[in-house]
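Here the structure of chain A is known, so what remains is to put chain B in place on it, guided by the hints.
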Amino acid sequence: MRDEKIISVIDLIIFYGDDLILDNISFEVIEGEILVILGTSGCGKSTLLRQMVGLSHPWAGKIIIDGNEITSRDEEAFNRTIRKIGILFQSGALIGSMTLAENVALPIIEFTDIPVQSVENLVKMKLSMVGLTGYENHLPSEISGGMKKRAGLARAMALNPKILFLDEPTAGLDPVIAAEIDELILGINRSIGTTMVIVTHELDSIFKVAQRVIMLDSITKGILDEGDPRDLKMNSSEPFVRQFFNRQAGSAKK
Amino acid sequence: MTGINNTQTCRYKISETDNNGIIVYFIGELSIDTSASILSELIILFKKDIPSSLIIDLGNVTYFDDFGAFVLIELKKTVNKGKGVFSIVNSGDKTKDVLSLVDFDSYGSDLPVFKKRRKNIFVGIGEATINEANNIKFMVSFLGSLTLSMIHVLFHPKSLRVDDTITLMQKNGVDALPIVALISFLLGLIMAFMSSIQLQQFGANIYVASLVALAMVSELGPIMTAIVVAGRTGSSYAAEIGTMQVSEEIDALFSMGFNPTLFLGVPRTFALMIVLPLLTIFSDIFAILGGLVVGVFILGLTPNSYIMQTIETLSLLEITWGFLKSLIFAFIVACVGCFRGFQARGGASAVGNAATSAVVSGIFLIILFDSIIAVIRSYW
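Residue numbers (this note's numbering), protein chains in the order written: chain A, 1 to 254; chain B, 1001 to 1380.
Only chain A is shown next, with the shape it has when bound in the complex (with noise of 0.2 Å):
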């Protein structure tokens, strides 16, 4: 299973209304590896994550999930891919009307077998795995944001997806909560093997969790660098990501 590739993003152009955003990137991602997009504030990286998951269409070029170019416009390709991907928003992205468990066992009911009375402890189960027992019958507006984003998290994994994309998962958090949710990632990545794309900035979890990552460049649209982030952090070609990984400020983006 090891090697094979499960997500191919080949020539992709984006434009965001007529701003060119990304400019002819290709890269892979390996089943069951961690990969860590990064890049500058407003470089791309959420939009790339939104054509990744079919959210919008690119400009040119191709994605293909598990053997499904999402791409193509051909819907059932698209139905089966969205079914083997689970995804976290920015801000979670609950329903409001939902409390936490409604949220969790919305997918959980509807696209599976399990029996009605267990469903229940089954999302007392999801939410509890990101450290949110208790709070089963809150509302999404009574709780603090990094409260929405691990039940975010619990709904997005609630199905177990083969390919987990997180957009900034650690972000706004404390960094007790931040570190569990690391920990989480790498327990399910590790247990389950589920394959993760997450976009981020926080340098602690990149460290922690990252197996790879692709740095995005504002400047040429392109993919700056790719590579174990403790290596890049040494021995990259590029000074903007050693500075990016050291935490440096910056003359070097011209």
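Take these hints with a grain of salt, some might be off.
Distance windows between CB atoms, simulated [as the list claims (entries may be wrong)]:
| # | chain 1 | residue 1 | chain 2 | residue 2 | range |
| --- | --- | --- | --- | --- | --- |
| 1 | B | 1016 | A | 172 | 50 to 58 Å |
| 2 | A | 62 | B | 1163 | 43 to 51 Å |
| 3 | B | 1157 | A | 145 | 38 to 46 Å |
| 4 | B | 1170 | A | 145 | 20 to 28 Å |
Derived by calculation from the structure, the hints in this document are not laboratory data. All C-beta atoms, glycine included, are put in the ideal place defined by N, C-alpha and C.
Leaving out everything else, chain B in the frame of chain A:
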């Protein structure tokens, strides 16, 4: 008791031990795809007679995820409830990882099942009363704040956000003209037509003009226009301010030192108080035109005599009265719309509720105040 079950890729084998214990051997994939059927079968099986001990053998499990762990949790709970002993044998490293991921050991028989709290009826009544009291308090304070801000603006005209006010006048006045004109025209048409059936019997065709003019200018014009505007503008005020409230924009304004009522409420109220009376006048004119069409083409009146009769019927008092009424309705619609918006708490559904209740209570208050004004006038 030995059974073999074929699901997609998972099977289990049950065998009994000496002392009423049971061993379950799972073979294959115990995951999201297979857990549902296994769970329902095994739970039914063990609920009938709970074994004194249950041993789960995971030696032949090829894939195991947290849904599999959940099956084990449910079995453990069932067995523990009957004071039985639960144990897992032959679990591999990956399986152990999953079990620790879901914190398997913390689950026992005493797992508190969450249920929606049932409210005691007295608690319910009390809560509703407190909510209503808070509602009224909020309403009074908002009304006060809006009035004070408007007086403040009258003395300090520079504090009015003029650009906003003009945009709002355009959006809620000019853009509403076509629909108001159409509705009023048709209303005038209908009124003239229906009244002509009665008046024709007496040969009093010309009084159709008086009826349409009087009914429209003093009653229906202000009310119809206000109701249309309550539906159009009241809901949009509530939805817009409600969304701002929910997304903390109002809090941001407040913390920057702006008075939200002055910033959002006053321009909206002023804009509507300027355009609604104007819309009402247009509404009157279009209704009279509608009546004119019926008068000329069905009743055989000349346009000239129809217009003369209309002018003769209307006094300045009627026109001023209608104008004043629409001014009051404008204040009501704007005030209720903004109030419901500011009141919204929570998420998307709160915004929807705000828009709905802005329209409902707006229309109710319009009719209520119209009745009050009618009573006052009859004792004038």
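Checked hints:
1. Under the hint 50 to 58 Å, the C-beta atoms of residue 1016 of chain B and residue 172 of chain A, about 54 Å apart, fit the expected range.
2. Between residue 62 of chain A and residue 1163 of chain B the Cβ separation comes to about 48 Å, which falls inside the hinted range of 43 to 51 Å.
3. With their beta carbons about 41 Å apart, residue 1157 of chain B and residue 145 of chain A fall inside the hinted range of 38 to 46 Å.
4. For the pair residue 1170 of chain B and residue 145 of chain A, the beta carbons lie near 37 Å from each other, so the given range of 20 to 28 Å is not met.
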